[in-house]
Amino acid sequence: MSDDTPLVQLKHVGKCFEGGRGVLEGVDLTVERGAFVSLVGPSGCGKTTLLRLVSGLSRPTSGTVSVAGRDPGEMREHMAFIFQEPCLLPWQRLLGNVELPNRLRRMAPVERRAIALRLLDRVGLGDAVGKYPWQLSGGMKMRASVARALSTSPELLLLDEPFASVDELTRDRLDEDLLRLRERDRWTALFVTHSVREAVFLSSRIYLLANTPARVAECVTVDLPYPRRAELRECEEYHRIVAKITHLLRESADE
Amino acid sequence: MPDHKSHSSTRWILPLAVGLLAVAGWTWLIVLFDIPAYNLPSPLGVLEALVAEWEAIAKATRHTAIEAVVGFLAAVGFGYFIALALSLDARIKTAFYPWVIVLQMIPVVVLAPIFVLWLDPGFPSVVAITFMISFFPIVANTVMGMGSTDRALIDLFRMYNASKIQELLLLRVPYSLPYFMAGLKVAGTLAPIGALTGDMLAGSASSETGGLGFLVIVYKAELKIPALFASAGVSCLVGFVFVAVVNLAHWYFLREWHESAAEAER
Chain A
1 MSDDTPLVQL
11 KHVGKCFEGG
21 RGVLEGVDLT
31 VERGAFVSLV
41 GPSGCGKTTL
51 LRLVSGLSRP
61 TSGTVSVAGR
71 DPGEMREHMA
81 FIFQEPCLLP
91 WQRLLGNVEL
101 PNRLRRMAPV
111 ERRAIALRLL
121 DRVGLGDAVG
131 KYPWQLSGGM
141 KMRASVARAL
151 STSPELLLLD
161 EPFASVDELT
171 RDRLDEDLLR
181 LRERDRWTAL
191 FVTHSVREAV
201 FLSSRIYLLA
211 NTPARVAECV
221 TVDLPYPRRA
231 ELRECEEYHR
241 IVAKITHLLR
251 ESADE
Chain B
1 MPDHKSHSST
11 RWILPLAVGL
21 LAVAGWTWLI
31 VLFDIPAYNL
41 PSPLGVLEAL
51 VAEWEAIAKA
61 TRHTAIEAVV
71 GFLAAVGFGY
81 FIALALSLDA
91 RIKTAFYPWV
101 IVLQMIPVVV
111 LAPIFVLWLD
121 PGFPSVVAIT
131 FMISFFPIVA
141 NTVMGMGSTD
151 RALIDLFRMY
161 NASKIQELLL
171 LRVPYSLPYF
181 MAGLKVAGTL
191 APIGALTGDM
201 LAGSASSETG
211 GLGFLVIVYK
221 AELKIPALFA
231 SAGVSCLVGF
241 VFVAVVNLAH
251 WYFLREWHES
261 AAEAER
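Chains as they are written, first to last, in our numbering: chain A, 1 to 255; chain B, 1 to 266.
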């Protein structure tokens with residue numbers, strides 16, 4: 001694969017569920033290598049469906065989805081999916097949970113354990129490796145989920161409203177930490193959220209989805225330099241973009 | 001938690017008090033209405049009978065307990081194996097599961113003579129009846145547990161290209177453990193009942209190898225009513241021990257992560 005092929009490309013993608021309910025229609029979307037792209041739109045508009053198409057967990061009814069120019073199913077080992085819920089195995093301690101992906105790939109126990117320990121440390125859970133999920137707060141569980149996703153060193157991270165269920169302050173912290181984690185490994189991200197603030201803070205580009213079945217209503221480039229820190233949320237330019245996108249979102253909803 | 005501590009002592013005292021009251025009431029009723037021992041023996045009479053008939057009761061109890069344990073273990077092993085097989089593929093489940101349910105519908109009283117015919121009366125027939133009665137809750141609960149595995153977790157496993165076997169062993173089996181344990185509890189209460197019923201319907205009719213169910217029939221025929229009550233009491237005890245052991249297993253396997261077993265620590 002040559003490096004100028006976009007990592008993710010959707011061409012005229014449509015998706016209907018059984019019974020003919022259309023969720024997506026004619027969606028064109030591109031994610032370049034190293035980009036942080038967010039999908040924003042009202043709840044239930046098909047953002048999650050789109051993410052599942054990119055992961056290969058679900059197939060489009062029309063159009064094509066490709067990852068690095070290939071079928072998403074073939075590219076799974078270069079991807080990781082962070083779900084809305086932490087999705088930790090309740091019978092495994094944190095260490096076991098973060099080891100899971102590499103265990104499924106039959107990596108030697110010593111090796112996968114070392115990776116899991118390092119990542120748990122990086123997400124700030126170094127002291128909680130022996131804990132069970134029920135012993136952790138929502139934010140900690142999400143951190144563990146992030147560590148698990150990074151354990152296979154993915155090129156592409158798919159995130160489905162990962163921090164939607166934690167309080168706003170925790171969410172801001174998690175967003176900042178997510179960017180900090182990315183500074184080192186430079187993975188590409190496709191991030192689904194309904195929070196415009198969150199999308200602007202994280203992304204280099206934002207796709208707005210609207211209508212049923214959903215289409216891309218607008219695509220906005222966020223020209224704010226990385227690395228981004230918490231202070232960004234106080235800068236004027238950030239607020240201007242948030243306001244602009246909120247306005248666009250409202251317009252496309254009214255159409 | 002001090003709150004929990006006071007709670008646990010009342011947990012023993014209250015039922016004990018109710019039990020003692022019941023025994024007192026029982027004795028009082030007999031004295032008040034002058035009930036003859038062949039209708040309702042006094043608690044003391046039952047104890048005396050237990051001591052007098054101890055040898056026979058102990059022997060019969062041992063037989064029934066062994067039948068119950070063997071039948072129960074067979075049901076657990078085979079039931080779990082069937083549940084695993086049914087969960088491997090949706091088509092297998094669709095094809096076979098209805099027949100497992102139909103098998104369960106056949107009443108034990110009908111099965112007993114068939115087992116006697118095939119296996120001869122005594123130990124093998126009683127074990128077979130115990131097995132039949134405790135097999136279904138294990139299968140039904142485990143199948144339900146494996147079938148209700150969180151969709152998101154299955155997606156997670158699919159994202160990492162997990163094999164069918166990995167998905168079964170690392171996800172569905174542990175996920176269904178609490179369900180399996182619930183089935184185990186039901187089967188654990190049914191197994192002693194199955195063994196006792198088996199004793200009556202298809203058990204050995206010798207004083208050497210007969211179980212508690214047989215002894216109950218004998219005592220009834222001989223009108224040894226206090227001894228009948230004593231063997232009923234011992235049957236209760238067998239069932240109680242069974243349930244206690246299963247509950248202990250439940251606690252042991254789930255204590256660290258499942259709410260049903262770890263409640264006190266949270």
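Just so you know, these hints were derived from the structure itself, not from any lab. Careful: at least some of the hints might be erroneous.
Unchecked claim - Facing chain A, a subset of chain B residues (Cβ under 10 Å, in silico): (1) 55; (2) 152; (3) 259.
Note that the structure is predicted; figures quoted are calculated from it, not measured. Cβ atoms here follow ideal geometry from the backbone N, Cα and C, with glycine treated the same way.
Hint by hint, here is what the structure shows:
| no. | hint | result |
| --- | --- | --- |
| 1 | 55 | 48 Å, violated |
| 2 | 152 | 5 Å, holds |
| 3 | 259 | 8 Å, holds |
This entry does not satisfy hint 1, going by the numbered hints stated previously; all others are met.
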